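Peer 1: Construct all of the structure, not just a fragment, from the sequences and the given hints.
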Amino acid sequence: MAKTAETVAEQRGGKKFRLSSTAILFLFFVVMVAAFAALSRDFYSIYNVTSMLTNIAFSGIVAGTLTLVMIMGGLDISIGGNIALTSCLVAYIYNMENAPATGIIILIAIALGATIGGFNGFVITRLDLNPIITTLGTMAITRGMGYVLTKSRSILILEDVVGFIGRGTIAKLPFPLILFIVVYTVLTFIMGRSKFGRKIYCIGANQEAAKLSGINIRKVKFITYLVSGIAASISGLILTGQSAVGMPQHATGSELDVITAVLLGGTSLAGGKGSVLGTLAGVLILGVLYNGFTMIGFRYVHIRVFQGVILILVVSLYEVREKKKY
Amino acid sequence: MVERLLEMRGISKRFPGVLALDSVGFDLRPGEVHGMLGENGAGKSTLIKVLAGDYSKDEGEILIGGEKVELKSPSDSQSRGISVIYQELNTLDTLSVAENIFVGNLPKRKGLGTVDWKTLNRNARTVLQRMLVDINPRKIVGDLTVHEKQIIEIAKAIYKDARILVMDEPTAALGEKDTASLFNIIRSLKLQGVGVIYISHRLKEIFEITDRVTVLRDGKLIGTENTKETDRERLITMMVGRELKDMYPKREVPSGKTLIEVRNLNIKGILEDISFQVRAGEIVGLFGLLGSGRQNIVRALYGIDEFQSGKILIDGKPVIIDTPSKALKRRMGFMPIDRKLEGLALTLTVSNNITMANVDNLGQGYFIDRQFEKEHARKWVKDVNIKTPSIDTDVNSLSGGNQQKIVLAKLLETGARIFIMNEPTRGIDVGAKVDIYQMMERLSEEGAGIIMISSELPEMLAMADRILVISKGRITAEYSRKEATQEKLLHAATV
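Protein sequences, first through last, are from chains U and R. The opening residue of the first sequence carries number 1 in this note's numbering; numbering runs sequentially from there. The opening residue of the second sequence carries number 1 in this note's numbering; numbering runs sequentially from there.
If you are wondering where the hints come from, they were derived from the structure by calculation, not from laboratory data. Accuracy of the hints is not assured; some may be wrong.
Mimicking DSS-like on lysine-lysine, the simulated pairs with C-alpha atoms at most 30 Å apart in a straight line are [unchecked claim]:
#1 U:211 <-> R:220
#2 R:374 <-> R:204
#3 R:156 <-> U:195
#4 R:72 <-> R:156
#5 R:49 <-> R:257
#6 R:257 <-> R:220
#7 R:220 <-> R:268
#8 U:211 <-> R:472
#9 U:211 <-> R:387
#10 U:195 <-> R:387
#11 U:323 <-> R:382
#12 R:49 <-> R:68
#13 U:211 <-> R:374
#14 R:156 <-> R:108
#15 U:195 <-> R:340
On a predicted model such as this, the values are computed, not experimentally measured, just so you know.
Peer 2: Right, here's the structure in full:
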């Protein structure tokens, strides 16, 4: 990780001996890992590392696509509801009489995510509704539909393929982690190298200027929200596999943790600024924070307090650095 | 001795690097309408803001009714009976007419202290009747016309017992009928002894309504005249009598074939039958006052705003341009009026901004060829003389002049040959101006056509080969470079 941090600093170039914020985050991450490893033997046990990485992968995938949405100046808080509804639908269909093949169920799950994301995108681009309001609406709709579909119960789903998505391994690597790595590699390329990624940055930095520059704002926004929806349904599949149940309470409040990770990674709520690599650092830090503090004996409720403190601290540091720049 | 409502003596105001007001004197008599004239940046707004308590003066003194006062805040100024009605009206659009007039001092019922609507509406009606206007006090202000809103603001001022009323370009958004109605109201105020300071670019109105007129230029008082004893020519000369600096690299370029032609462009209520053409190598200036419709013409051409009827021909062929991206495909480039609002992505780098309108051509397929992008960015940084530490610097940290050059570079990067340049040198230093003029000249030599909008007369006269004057949505005159003078342009623009 330290190596990545250095290359990041080099890439930014030009600014002498000024570590990029992302590099500082990765350093912070390394220090945290070292500290927890020293404080708790169990922290770096294979079992714990695997479970930690699986958790990171689950929220990391949606944090990655949410980064695109937020760099574009938007927001998607329907993620949690989307995840829950996906898990409910998958378990529900699996338990139907004449249930379709698992492959079809997985496709349906992804189609559900695409529909929710596409709906968000449609409302935001065609009806010009504020993204917070729109996705607040879909958040309630999806979460509510999960309860309706399952009659507020958990539905057991013991299915090998879905189980594999959540718990399987390839060459000892957890499958969710592989998905996570693939997603981050693709997203890093999109935001760093592709025309589409550049358009996202332009829209986030100045929508009017982007419009006058001939960028098709509606198309870019629609696709980005669509992708965010699809990513949420993939996370939904992971969670279903991991827990072996579909239930409407899944991922309650996860949208706020995911937003926290993105902000921690240096993406600005105003848009136009941020990176997938930064979000990666944010996701890793939060993941290690929860796991490590649990290992050394803190309770969940205490760690939430730390999460809030760290978010405010880090984002105010960004502000200070930003002011110094000019 | 003449009685004076207001007297301002030797007012000076400095901003970093600029002397905005240089020992200006001004006075106002009861029942007088006193016009104030001057080009953009002459100091009119600064003087008004000092009077309104928005700015503190650096030197000078202000006397109201012969008594020396210090106006340290807008409330100081209001309590002395000064009321300013700005061009952007400050009405509370979701409240009723009566609430707007009496805001901050609504009549209350005894006991619970709830609003006494009956008394409120009755009082509002009385105030409005005194101004001889008939507006229902219960109406929601958001539903009123601009003129009616203006009346509400005047009523508010009168109710607060304003003795000195400042009106900044009050007719800019009014039609003839509303203008006449406004003048009636102003005349009734005169009879009540109110002094009105009337700021306008429209000379016709100055002659119609004012008693005296004061001209400012470059922060200095040029003179105060009795309206009856002066004439149009004299006022214009007072306003613009500035020497042209030798900063325009204008060369004669023979113009070629017609690049773009506009035929009978109409936007309901805004533009009427606009027709013109721009040839290769030509710089065509669009001159007009604020709200004349200049912006609407170029925004329609570039596919930003819709228009009801009319044709656009490029290279002699009719084209449909209803989005900026179609305009770009026709090799048009658009420099917006405000670089920060519409031109630049401030949080992105110099190179990202330069290539912003050309992202799709930065490489094959879905990816950006970064080497290619860098080469292009470096080329334009050099060609347009953009002073930046590197092409990876955030645009935010550069000066206004360099930012403006980046907007120009952005147009150049798209390979445009029809340029719409909106206020190409607004608010930038002389060095940057000259760089931009030179690039404009180079473009015309290379056969580009440029449509330039500028509020700076000297720039317009020096750079444009042909000037179309727009007034109230119509082309009222066309002058070649040789024919055009500041006086002629101002005449045609104030028709």
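Peer 1: State for each hint whether it applies.
Peer 2: Here's how the hints hold up against the structure:
1. U:211 <-> R:220: violated (42 Å)
2. R:374 <-> R:204: Distance of about 54 Å is beyond 30 Å: violated.
3. R:156 <-> U:195: It is violated: about 54 Å lies between the C-alpha atoms, which goes past 30 Å.
4. R:72 <-> R:156: It holds: about 22 Å lies between the C-alpha atoms, which stays within 30 Å.
5. R:49 <-> R:257: violated (50 Å)
6. R:257 <-> R:220: violated (46 Å)
7. R:220 <-> R:268: violated (41 Å)
8. U:211 <-> R:472: This hinted pair holds, its Cα atoms lying about 28 Å apart.
9. U:211 <-> R:387: holds (26 Å)
10. U:195 <-> R:387: holds (27 Å)
11. U:323 <-> R:382: holds (29 Å)
12. R:49 <-> R:68: holds (18 Å)
13. U:211 <-> R:374: holds (23 Å)
14. R:156 <-> R:108: Judged against 30 Å, a Cα distance of about 18 Å means the pair holds.
15. U:195 <-> R:340: holds (23 Å)
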